[in-house]
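Asks: Protein chains in written order, with the working numbering: chain A, 520 to 747; chain B, 520 to 747.
Since the hints were made in silico from the structure, they are not lab data. Fair warning: this is a prediction, and the values are worked out from it, not measured in the lab. Honestly, I wouldn't trust all of these hints.
Computed cross-link-like contacts, SDA-like style, restricted to lysine to any residue with a CA-CA straight-line distance of at most 25 Å [said to hold, decoys possible]:
(1) A/LYS728 x A/LEU673
(2) B/LYS593 x A/LEU650
(3) A/LYS728 x B/GLU746
(4) A/LYS529 x B/ALA590
(5) B/LYS566 x B/LEU524
(6) A/LYS566 x A/ALA747
(7) A/LYS593 x B/LEU650
(8) B/LYS566 x B/ASP727
(9) A/LYS529 x B/SER674
(10) A/LYS593 x B/ALA531
(11) B/LYS593 x B/PRO543
(12) B/LYS593 x B/LEU570
(13) A/LYS593 x B/LEU524
Now for the letters of each chain:
2 protein chains.
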Amino acid sequence: MTTSLYDPAKPAGQNDSLTSAVSPDGTPSLGTRYRVPPRSGVAVRVKAGQLLWVENTHGTQVCDFWAFLAADLKQFLSMSHCRTWLQRVMPQIGDPLVSNLRQPLFILEEDTSPGVHDTIMSCCDWPRYQLLGCTEYHDNCADNLRMALQAIGLSPPLIPDPFNLWMNIPITQDGHTSFEPTVSSAGDRVALRAEQDCIAVMSACPQDKNPINGHDAMPTELHFWVEA
Amino acid sequence: MTTSLYDPAKPAGQNDSLTSAVSPDGTPSLGTRYRVPPRSGVAVRVKAGQLLWVENTHGTQVCDFWAFLAADLKQFLSMSHCRTWLQRVMPQIGDPLVSNLRQPLFILEEDTSPGVHDTIMSCCDWPRYQLLGCTEYHDNCADNLRMALQAIGLSPPLIPDPFNLWMNIPITQDGHTSFEPTVSSAGDRVALRAEQDCIAVMSACPQDKNPINGHDAMPTELHFWVEA
Chain A
520 MTTSLYDPAK PAGQNDSLTS AVSPDGTPSL GTRYRVPPRS GVAVRVKAGQ LLWVENTHGT
580 QVCDFWAFLA ADLKQFLSMS HCRTWLQRVM PQIGDPLVSN LRQPLFILEE DTSPGVHDTI
640 MSCCDWPRYQ LLGCTEYHDN CADNLRMALQ AIGLSPPLIP DPFNLWMNIP ITQDGHTSFE
700 PTVSSAGDRV ALRAEQDCIA VMSACPQDKN PINGHDAMPT ELHFWVEA
Chain B
520 MTTSLYDPAK PAGQNDSLTS AVSPDGTPSL GTRYRVPPRS GVAVRVKAGQ LLWVENTHGT
580 QVCDFWAFLA ADLKQFLSMS HCRTWLQRVM PQIGDPLVSN LRQPLFILEE DTSPGVHDTI
640 MSCCDWPRYQ LLGCTEYHDN CADNLRMALQ AIGLSPPLIP DPFNLWMNIP ITQDGHTSFE
700 PTVSSAGDRV ALRAEQDCIA VMSACPQDKN PINGHDAMPT ELHFWVEA
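All chains, full assembly: derive it from the sequences and hints.
Replies: Below, the structure written as structure tokens:
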């Protein structure tokens, strides 16, 4: 059988992610509240010491979150390394979020939500929606990551597993999982203190085939801002 | 701060993995029982339809397992995509093991052990042992993967999260994890039916700083063979 070579940076379609950059190179205006359009992604540079706030504007929206070391995109926030470091599947306030080289990239400094986030699921992608029955292009978090980076002149060397903010994936004692609605409220936010100069990417997950974005399965916007 | 660029293919040290290839390109002799030396890794090509057996020779040894599509190493067995596909943190007999493009690479066809394996922890690496206090090079699964591929003329474009055969990582209801000894017995084995032409890599995990390889923390050998 023939197999086409996989290009991790190439999206299968297009959406608002391509035109939603905060600036040409992703450097934000400090204190400015930026919008992640529904079903799209936005990248932002966060310098060491700065605080990145991510807001679940309407309370029901999952944010797929990635971070890369600004100096080397092959060093990225890694959920499996976080779990090994923390000895927990879910980070809590005060926890470092570490890279694939076990270097802390961010500290989870504040979280006004009940703290239910996911680290074990892959981000949605075009193959996922094809498996869910879609025959025409469906927005997806992997492509949002690709386009958000493309919009600031970068391309991902791989698609890391995301930190799925507010995504509610209970794990039963026998290891079963399910996709449940968020338990967060409108305006809930997390604050991530950068330990290194990073590029963070947030995708307003466009999943509308299960209830992770609320019982009405209606993906919506997110907001974020960076403070000194 | 200066940051050196990360080369995913470059090991931090050397061990028997470099001289343990089953053949120059990793093609096995069918039916031949091969040894993974203690603390080392070995790569093997498995063609679609063939059955790969991995044996926990002494019962207490964790095997970090990876698979790559032979035609494109950027397509690899992905634990996060398996979990999303299976809706379980642990594969069971009959389950497909899928790639980062959600393509089944193997079917878990047999498992004579109690079926306790891990999909949520990163493989051990040199930074991990430095964090555990080692000041001199310590064998590690990430380097074993690098060297096992190097021994058959290949190099990994990234270090995927491993399927940790026999690794016992209970997850409590509140999301805490711990490193516990294997619950397998000498001679326990799993059989993986290839759905695609793959390169599988097995590392006899050299972890001797916690009890995952038995209460005596004594890493040992593994064996494997490929059947038509």
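Asks: Determine which of the earlier numbered hints do not hold for this structure and return their numbers in increasing order.
Replies: The structure breaks hints 1, 3, 5 and 8; every other hint is satisfied.
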